[in-house]
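Participant: Chains as they are written, first to last, in the numbering used here: chain E, 212 to 523; chain V, 262 to 591; chain C, 627 to 909.
Quick caveat, the hints were computed from the structure, so don't treat them as lab data.
In this text, all values refer to a predicted model and were calculated from it rather than measured experimentally.
By construction, the Cβ of each residue, glycine as well, lies at the ideal position given by its N, Cα and C atoms.
Heads up, some of the hints might be wrong.
[Unchecked claim] Incomplete in silico selection of chain E near chain V, CB under 8 Å:
(1) D246
(2) R249
(3) S428
(4) L431
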Amino acid sequence: MDRFRFVLYRPLQLVPVLFGISLVSFVLVQSIPGDPVRILLGVRGTAEVIAKVRAQYGLDEPVLVQYFYFLKNLAEGEFGRSIIYKTPVLSLISTRIAPTLFLLCYGVLMAVTIAVPLAVTASINRGRWLDALVRSYSTAGLGLPAFWLGIVLIIVFSLRLGWFPVSGYGRGFFEHLHHLFLPAFTIALALSPVLIRNLRASLLVELEADHITAARSRGLPERRIFFRHVFRNSLIPTITLLGVNIGWLIGGTVVVEQVFSVPGLGSLMVGSIFARDYLVVQAVTLIFACGVILTNFLVDVVSVALDPRIVL
Amino acid sequence: MALLEVQDLAIEFSSKQGPLRAVDNVSFSVGAGEILGLMGESGSGKSVTCRALLRLLPSRQARIVEGAVWFDGQDLVSLPESEIRKLRGRAISMIFQNPSSHLDPVMTIGQQIAEPLIVHKGLSKAEAKNRAVELLRQVGIPDPTQQYDAYPHQFSGGMRQRAMIAAALSCQPKLLIADEPTTALDVTVQAQILRLLLDLRDQEGLTIILITHDLGVIAQTADSVAVMYAGRIVEQGPKSELLRRPMHPYSEALIRSQPELANPDEALPSIDGQPPSLTAPPPGCRFHPRCNLAVADCATGHFDLVPVAQGRLTACNRWQELRDAEGENP
Amino acid sequence: MSAITPSPVTLGLGGRLGASKSLLWGGGLTLIWILLALTAPLVAPYDPTAQDLTATLRPPSLTHPLGTDNFGRDVLSRIIWGTRLDLAMGLLALVTPFVAGCLIGLISGYFGGIVDILLMRLLDVTMSFPFFVLVIAIISVLGPGLASFFIAVALVAWVSYARLVRSRVLVLKHADFVLAARSLGYGHLRVMLRHILPNAVLPAIVFAMSDVVITILLGSSLSYLGMGVQPPTPEWGVMIAEGQNFLATAWWICFFPGLAIVFVALGFSLLADGLAERFGTVE
Numbered sequence: 212m213d214r215f216r217f218v219l220y221r222p223l224q225l226v227p228v229l230f231g232i233s234l235v236s237f238v239l240v241q242s243i244p245g246d247p248v249r250i251l252l253g254v255r256g257t258a259e260v261i262a263k264v265r266a267q268y269g270l271d272e273p274v275l276v277q278y279f280y281f282l283k284n285l286a287e288g289e290f291g292r293s294i295i296y297k298t299p300v301l302s303l304i305s306t307r308i309a310p311t312l313f314l315l316c317y318g319v320l321m322a323v324t325i326a327v328p329l330a331v332t333a334s335i336n337r338g339r340w341l342d343a344l345v346r347s348y349s350t351a352g353l354g355l356p357a358f359w360l361g362i363v364l365i366i367v368f369s370l371r372l373g374w375f376p377v378s379g380y381g382r383g384f385f386e387h388l389h390h391l392f393l394p395a396f397t398i399a400l401a402l403s404p405v406l407i408r409n410l411r412a413s414l415l416v417e418l419e420a421d422h423i424t425a426a427r428s429r430g431l432p433e434r435r436i437f438f439r440h441v442f443r444n445s446l447i448p449t450i451t452l453l454g455v456n457i458g459w460l461i462g463g464t465v466v467v468e469q470v471f472s473v474p475g476l477g478s479l480m481v482g483s484i485f486a487r488d489y490l491v492v493q494a495v496t497l498i499f500a501c502g503v504i505l506t507n508f509l510v511d512v513v514s515v516a517l518d519p520r521i522v523l
Numbered sequence: 262m263a264l265l266e267v268q269d270l271a272i273e274f275s276s277k278q279g280p281l282r283a284v285d286n287v288s289f290s291v292g293a294g295e296i297l298g299l300m301g302e303s304g305s306g307k308s309v310t311c312r313a314l315l316r317l318l319p320s321r322q323a324r325i326v327e328g329a330v331w332f333d334g335q336d337l338v339s340l341p342e343s344e345i346r347k348l349r350g351r352a353i354s355m356i357f358q359n360p361s362s363h364l365d366p367v368m369t370i371g372q373q374i375a376e377p378l379i380v381h382k383g384l385s386k387a388e389a390k391n392r393a394v395e396l397l398r399q400v401g402i403p404d405p406t407q408q409y410d411a412y413p414h415q416f417s418g419g420m421r422q423r424a425m426i427a428a429a430l431s432c433q434p435k436l437l438i439a440d441e442p443t444t445a446l447d448v449t450v451q452a453q454i455l456r457l458l459l460d461l462r463d464q465e466g467l468t469i470i471l472i473t474h475d476l477g478v479i480a481q482t483a484d485s486v487a488v489m490y491a492g493r494i495v496e497q498g499p500k501s502e503l504l505r506r507p508m509h510p511y512s513e514a515l516i517r518s519q520p521e522l523a524n525p526d527e528a529l530p531s532i533d534g535q536p537p538s539l540t541a542p543p544p545g546c547r548f549h550p551r552c553n554l555a556v557a558d559c560a561t562g563h564f565d566l567v568p569v570a571q572g573r574l575t576a577c578n579r580w581q582e583l584r585d586a587e588g589e590n591p
Numbered sequence: 627m628s629a630i631t632p633s634p635v636t637l638g639l640g641g642r643l644g645a646s647k648s649l650l651w652g653g654g655l656t657l658i659w660i661l662l663a664l665t666a667p668l669v670a671p672y673d674p675t676a677q678d679l680t681a682t683l684r685p686p687s688l689t690h691p692l693g694t695d696n697f698g699r700d701v702l703s704r705i706i707w708g709t710r711l712d713l714a715m716g717l718l719a720l721v722t723p724f725v726a727g728c729l730i731g732l733i734s735g736y737f738g739g740i741v742d743i744l745l746m747r748l749l750d751v752t753m754s755f756p757f758f759v760l761v762i763a764i765i766s767v768l769g770p771g772l773a774s775f776f777i778a779v780a781l782v783a784w785v786s787y788a789r790l791v792r793s794r795v796l797v798l799k800h801a802d803f804v805l806a807a808r809s810l811g812y813g814h815l816r817v818m819l820r821h822i823l824p825n826a827v828l829p830a831i832v833f834a835m836s837d838v839v840i841t842i843l844l845g846s847s848l849s850y851l852g853m854g855v856q857p858p859t860p861e862w863g864v865m866i867a868e869g870q871n872f873l874a875t876a877w878w879i880c881f882f883p884g885l886a887i888v889f890v891a892l893g894f895s896l897l898a899d900g901l902a903e904r905f906g907t908v909e
């Protein structure tokens with residue numbers, strides 16, 4: 212259990228990165244040209260409100276002090292107010308985060324469901340036409356624009372076949388499943404090529420590994436060898452890859468949410484950019500960065516659990 | 262009565278330059294309880310031969326083109342895959358040169374030993390675990406109950422090889438094929454592993470085919486020896502006689518180039534030239550381009566293994582000249 | 627060495643043949659697109675922005691092979707002209723981050739010390755942001771447009787190159803030939819530029835090929851969202867966004883520009899694969 216001790220001290224190691232992230236978000240809003248009060252309030256408020264905001268963000272102080280005010284506000288969960296929605300940014304985010312998380316998990320699960328059988332088929336049939344087929348898909352699929360893919364799926368499955376709604380999130384778990392099917396499928400189709408390529412490559416390495424020959428020499432059935440020995444070993448690099456790709460995946464979700472009008476963080480961010488609702492943009496950016504850090508941390512925990520050799 | 266008999270085995274690999282005959286016309290037999298040392302340089306075909314016995318060659322590249330392997334009244338070469346799988350691990354087992362890469366890194370040592378017991382003998386997990394702990398003890402792993410849950414990377418090289426032996430022996434096979442089992446290990450550990458193999462033979466009646474390029478290993482362990490060169494067996498015989506009086510110039514040169522056997526005052530003799538390419542092996546005796554005793558006849562005709570004395574076989578036509586040369590220069 | 631490992635000769639040759647196949651196809655495909663971009667005025671049958679309100683939303687036909695959009699503009703001509711912008715977005719946007727990233731990685735890896743530590747922190751921070759999210763956040767500050775896109779990519783994309791080159795430099799600076807060059811009395815600059823950089827830059831070049839794919843996808847996505855190239859300029863993402871309103875009646879407006887993106891990306895992906903196999907670089 213010593214190998215899991217990093218769970219305790221990793222958060223400490225992350226402190227500088229978290230500072231950096233907050234600094235970047237701070238600089239982002241600082242560099243917007245114009246009156247900061249306007250940025251924060253959107254409209255010219257009463258003198259009283261303006262004074263209150265100036266005090267809260269330390270706008271009369273030097274920049275460095277303003278940064279400390281910013282950190283202090285963050286620590287208190289104070290992300291400011293949205294000038295469009297007229298609500299605290301934090302509550303806005305808390306209502307928008309669920310669809311995004313749902314979509315991300317749904318998409319990743321679907322991607323894995325697509326990628327694993329295809330990669331396994333390809334690796335077992337190495338060099339034959341099935342392998343060539345899977346390889347073509349996984350190479351051509353690297354350049355699939357998620358937004359276009361979403362549109363093509365809408366044309367086929369919503370407009371032509373009428374199987375799925377064009378947009379929205381629905382109410383309750385099963386409606387979510389139904390409404391988010393096409394968005395999740397879009398994400399899955401865009402993500403699976405990377406997964407297939409990686410998993411196929413590591414399966415091929417593992418299939419030829421010495422310990423597989425050794426397992427064969429002990430007369431173990433091929434099926435057992437594949438699942439107990441080959442597959443388990445191949446999974447580790449693929450899980451690491453999922454972690455590396457989480458940032459890319461979040462980017463994809465932002466676009467896909469926009470295509471399917473999913474009321475998540477991504478469409479909130481895009482909408483806020485056009486509305487110049489900067490505090491929302493800043494907060495969503497921060498949340499996404501924290502999501503990446505958290506995911507990488509979880510991936511580390513899973514890798515350590517799967518591979519006894521890894522010591523962090 | 263031989264436990265295993267190999268007859269005229271030939272194996273071809275596909276390569277860009279056409280088929281490559283890695284093993285050609287190889288015959289030998291192993292008696293029950295015997296340790297046969299199969300000796301030769303790397304690339305001589307000894308590993309390929311032994312993997313072919315269990316049909317573990319990569320099916321994509323390698324093919325057994327001729328010959329038969331008789332074991333328990335069955336020809337392993339013509340046996341269907343499902344039947345040969347039943348023999349693997351149960352009747353014939355194998356251990357390998359590099360124990361660290363031949364053990365599954367993400368499975369505990371104990372599970373890997375218990376796995377064949379569950380699959381072949383249908384033991385329950387608990388029974389298999391008890392038996393695996395027993396096996397760990399038998400191969401000399403201290404504190405086996407604890408070590409059952411260890412992973413391969415937590416073991417030393419020697420311990421890993423012991424664990425691999427335990428996994429190979431879990432279903433009590435009659436024959437163990439040991440492919441360079443000590444090559445990757447320190448000298449002191451080598452001796453321990455060889456000792457273990459000898460004990461297993463003495464106590465359990467295990468038959469062992471020991472593949473090695475190391476004459477020292479042969480000298481310590483084997484009962485009889487077969488020497489391979491360029492895909493063929495060139496000489497075969499009881500160990501002590503073969504080492505004392507080789508009957509093929511290649512074995513003779515090998516023995517003389519061993520540091521521990523050489524005269525410390527002389528430069529260490531080595532064999533000139535390179536082993537031949539197997540895509541275009543030299544005609545006649547494959548060793549003749551590097552042989553001191555070669556005459557014109559050596560470059561033509563067949564050089565099959567023929568019996569020349571009690572238990573001794575050689576593929577050299579001029580083995581008597583070799584004995585004479587030996588006699589002149591003891 | 628046991629003799630059983632699959633003959634390295636056969637595998638090596640097979641691998642190299644496969645590599646040259648990827649290189650050939652990828653190179654050929656990419657070349658065709660670049661030629662198309664260069665000769666757009668000659669090849670395109672119509673003016674990409676000329677409206678023909680008598681021929682709107684026409685399905686693919688002989689006069690308009692890929693149909694027309696809601697303003698009667700020829701989709702094929704717009705795609706051909708769009709090649710210029712989308713290739714430029716993928717290729718030109720990466721020039722600055724490539725050069726800057728390689729140099730920063732080189733200096734940081736070679737000299738180490740406090741500069742290197744700070745750089746590593748900066749890399750950690752930048753990589754914590756989802757690439758796409760950080761780019762649109764920067765664009766939100768700079769305002770939409772192609773120039774903002776180039777700046778945003780430059781600010782974010784150098785990180786991968788710096789990291790790749792740095793890790794190579796860390797290995798190379800202890801390599802025998804570098805120590806030999808140092809012992810001959812060559813200065814740091816000469817050793818860095820003449821001896822280390824040429825050896826360290828290869829993985830960065832291979833990565834750049836797949837980065838082109840990412841950047842083209844990014845650029846067209848941004849234009850689709852309305853943050854990149856602005857209509858009526860013919861750009862593939864813009865075309866897809868404009869066509870989205872006519873999905874039910876005129877699928878071709880959206881469909882073909884997306885296909886163009888897929889095939890441009892395919893060319894560079896194959897190129898990346900071919901180079902990676904050829905030079906055996908790891909990601």
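Participant: Return the status of the interface hint for E:D246: holds when the least beta-carbon distance to chain V is below 8 Å, violated otherwise.
Facilitator: violated, 59 Å
Participant: Under the criterion of a CB-CB separation shorter than 8 Å, is E:R249 in contact with chain V as hinted?
Facilitator: violated, 58 Å
Participant: Close enough to count: is the Cβ of E:L431 nearer than 8 Å to one in chain V?
Facilitator: holds, 6 Å
Participant: So, as I understand it, the hint says E:S428 touches chain V; can you test that by seeing if any CB pair is closer than 8 Å?
Facilitator: E:S428 check passes; min Cβ-Cβ to chain V is 4 Å, inside 8 Å.
Hint compliance for this structure: hints 1, 2 are not met, and every other hint is.
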